[in-house]
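2 protein chains.
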Amino acid sequence: MSEQAIEVNGRRYRLPQSPTVVVCVDGCEPDYLAQATFGGHMPWMKRTLAEGTGLVADCVVPTFTNPNNLSIVTGAPPSVHGICGNYLYDAASGTEVMMNDPKWLRAPTILAALAQAGKRCAVITAKDKLRRLLGKGMQGICFSSEKADTVTEADNGITGVLDLVGMGVPDVYSAGLSEFVFAAGVQLMKTRRPDVMYLSTTDYIQHKHAPGDEGANAFYAMMDRYLGELDAMGCVIALTADHGMNAKVRMDAQPDVIYLQDVLDGWLGEAVARVILPITDPYVVHHGALGSFATVYLPPATDAAALAQRIAALRGIEVVLTREQAAERFELPADRIGDLVVVSERSVVLGTAAARHDLTALEVPLRSHGGISEQRVPLILNRRIDGLDPQRRWRNFDAFDLALNHAQ
Amino acid sequence: MSEQAIEVNGRRYRLPQSPTVVVCVDGCEPDYLAQATFGGHMPWMKRTLAEGTGLVADCVVPTFTNPNNLSIVTGAPPSVHGICGNYLYDAASGTEVMMNDPKWLRAPTILAALAQAGKRCAVITAKDKLRRLLGKGMQGICFSSEKADTVTEADNGITGVLDLVGMGVPDVYSAGLSEFVFAAGVQLMKTRRPDVMYLSTTDYIQHKHAPGDEGANAFYAMMDRYLGELDAMGCVIALTADHGMNAKVRMDAQPDVIYLQDVLDGWLGEAVARVILPITDPYVVHHGALGSFATVYLPPATDAAALAQRIAALRGIEVVLTREQAAERFELPADRIGDLVVVSERSVVLGTAAARHDLTALEVPLRSHGGISEQRVPLILNRRIDGLDPQRRWRNFDAFDLALNHAQ
Chain A
733 MSEQAIEVNG RRYRLPQSPT VVVCVDGCEP DYLAQATFGG HMPWMKRTLA EGTGLVADCV
793 VPTFTNPNNL SIVTGAPPSV HGICGNYLYD AASGTEVMMN DPKWLRAPTI LAALAQAGKR
853 CAVITAKDKL RRLLGKGMQG ICFSSEKADT VTEADNGITG VLDLVGMGVP DVYSAGLSEF
913 VFAAGVQLMK TRRPDVMYLS TTDYIQHKHA PGDEGANAFY AMMDRYLGEL DAMGCVIALT
973 ADHGMNAKVR MDAQPDVIYL QDVLDGWLGE AVARVILPIT DPYVVHHGAL GSFATVYLPP
1033 ATDAAALAQR IAALRGIEVV LTREQAAERF ELPADRIGDL VVVSERSVVL GTAAARHDLT
1093 ALEVPLRSHG GISEQRVPLI LNRRIDGLDP QRRWRNFDAF DLALNHAQ
Chain B
733 MSEQAIEVNG RRYRLPQSPT VVVCVDGCEP DYLAQATFGG HMPWMKRTLA EGTGLVADCV
793 VPTFTNPNNL SIVTGAPPSV HGICGNYLYD AASGTEVMMN DPKWLRAPTI LAALAQAGKR
853 CAVITAKDKL RRLLGKGMQG ICFSSEKADT VTEADNGITG VLDLVGMGVP DVYSAGLSEF
913 VFAAGVQLMK TRRPDVMYLS TTDYIQHKHA PGDEGANAFY AMMDRYLGEL DAMGCVIALT
973 ADHGMNAKVR MDAQPDVIYL QDVLDGWLGE AVARVILPIT DPYVVHHGAL GSFATVYLPP
1033 ATDAAALAQR IAALRGIEVV LTREQAAERF ELPADRIGDL VVVSERSVVL GTAAARHDLT
1093 ALEVPLRSHG GISEQRVPLI LNRRIDGLDP QRRWRNFDAF DLALNHAQ
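First to last, the protein sequences are chains A and B. Residues in the first sequence are numbered from 733 upward in steps of one, following our numbering. Residues in the second sequence are numbered from 733 upward in steps of one, following our numbering.
Treat the hints as calculated values from the structure; they're not laboratory data. Hints are not guaranteed to be accurate.
Said to hold, decoys possible - Here are the simulated EDC-like cross-link-like pairs (lysine to aspartate or glutamate), alpha carbons at most 20 Å apart as the crow flies: (1) B:LYS778 / A:GLU961; (2) B:LYS868 / B:ASP887; (3) B:LYS851 / B:ASP887; (4) A:LYS778 / B:GLU1095; (5) B:LYS868 / B:GLU885; (6) B:LYS835 / B:ASP860; (7) B:LYS835 / B:ASP895; (8) A:LYS922 / A:ASP984; (9) A:LYS835 / A:ASP887; (10) A:LYS778 / B:ASP984; (11) A:LYS851 / A:ASP984; (12) B:LYS778 / A:ASP887.
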């Protein structure tokens, strides 16, 4: 059996017998599936939940895209793979840096190991920010919808993606960006039948639409059709999400924000503490860089535990943890988070300074994520798996384990 | 000043200078207002939030209708007024009894005291179950939409309600039952101008419709028109809610239920523990008696703390408290709750035995309440009140205090 399996980050995975597709649906709060299934918009999902396996799992906190996508493809939490946000404060250099360079990834991916074991792998993401991280060390196909028109054999292991899919490059702020991922996945499966495929969408729709509304149901109906096609081709499918999504507004529909940098400047003096929002990335239009998770860097002399208590007493804060507490509770790399980790409540987001957030592009009441309140995500397989412990705390990064070790 | 004020349950209230209306909107999760305001369905609310006072308060846990309505009208938690559910297990007699008889109410209401001080009071509720509790000891008008056709001067302080309102008696399961409350309130204010009015609706719409959906927006648009009329008549209006509301379903849209009696029967033997669902009342069609709060009565020899830990370890449970812990944390009357209080998570409800819940009448995916996850409610006044502490934990039962002591 040893040549039939790989070991990655301390977990053993059997090599796939059937083409295997792991899907990460960005921002897929489980209620999106419930409402769409009830409304008749997801016939494949309805059948799959009845005949396959439907679990609700916990994703990684911070409930952001990059930490969770990397957890899924490494089968491990951020304490192992190192990606704990989109954004990092490098205290040594005093600069804030994007964490989308593969150099920040500390662990090998299951995809790279499968490719090394001779399996043909393909990764398709909606936004390009994830592509290089997910593809690190992996021989195979790896491209994003966003840059589908500039793929090269050398960089992406494929050319002619637009022709293959029969679609133009969608706008980066559109449901089309995610549809392109599914459409390309189906065409790849039809034409090249990869052994393993990882599809990762964007949460443009989920940031704008609540579960059960027309825009959400249309998105999930689209997804359901493509998943049905993959299923019909004999694929084992594991579907999970990077995080959930909640409304984050006051009663007047304006974002309910605690501007933490302003608060700390008032308490400690200007710029004594530095608030980092790891949700920040080049694509902030749909959430204004407002999420429910922040880290705080403090000068060495500060009493972090006392400050944590003071922040925790603010209305709208769910929990404040010191670096050590957060690293343990959320399985984060202690060297890449601040002295404090601040999580706000379900309807509240954290900002830096009011003057630094441009909210003019928010066209609808803010929906966002990042907190513990967005931790529940689907973990669904189109195969019945008997004997699973319903009391186990399933994680989204169990997706490859279930798909490869239990579903085939 | 002493003849200008009353004292009730340790709090002092000034007598009203203007007609004062306190509204309890059943199941009004704050997001209903945000989405309806954003969509242009609540012009009065939009103006009121901008020019008046908009707070988000915590209601009482269990987040049920009766405990919270009684908290609002007594200005006190259930530890003071005694009403901690719709339903009570009388351990002495071994019987389960409804708690809607006024004999269970241990504290005077602000309404009764205002009437005694010479103020003309009126109470209108949607369902009749609340009427007698709210009207206890109060001289004045007190009736329900549900029984608006059988009012008498002796029982209700009024006759001819249907003629006054110009509507027939609405179906008990309809939005009309709540509209009747508002319509009657407006007509009463027009014709009799009571000094103080308490209006309490039903959550029929909120059990079926999520914030922002068409049915919800139509309900809140209706409410907004009537509130605007009351405002135009010079009323001080305080609007709050008894509890919020959340979707409580699995991904296949079926109720996500922990049948706690079945679990405990399996652990301890049949009927050794007795699970009580205080949400139970004669009107269970729209929620199947499924909420996120249960109490458990145990035989004397049981190790309650150990059992609490074991229940708390179940997936979907938010917290399990012993009687003493629950009485302290939620301000409940210790003699009227079980040996354990069990609260489930936001998307999960608690049942007794699967065989005892008839879910066939649930026409849409279950939405319900009862837990800590439904504790946030609006607390809105149509008057600007300066100097309020935004860090204070406001309660829905501060409504009369704000309306009488700060808004006029």
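Checked hints:
no.	hint	result
1	B:LYS778 / A:GLU961	violated (47 Å)
2	B:LYS868 / B:ASP887	holds (11 Å)
3	B:LYS851 / B:ASP887	holds (19 Å)
4	A:LYS778 / B:GLU1095	holds (17 Å)
5	B:LYS868 / B:GLU885	holds (16 Å)
6	B:LYS835 / B:ASP860	holds (16 Å)
7	B:LYS835 / B:ASP895	violated (32 Å)
8	A:LYS922 / A:ASP984	violated (49 Å)
9	A:LYS835 / A:ASP887	holds (17 Å)
10	A:LYS778 / B:ASP984	holds (6 Å)
11	A:LYS851 / A:ASP984	violated (53 Å)
12	B:LYS778 / A:ASP887	violated (53 Å)
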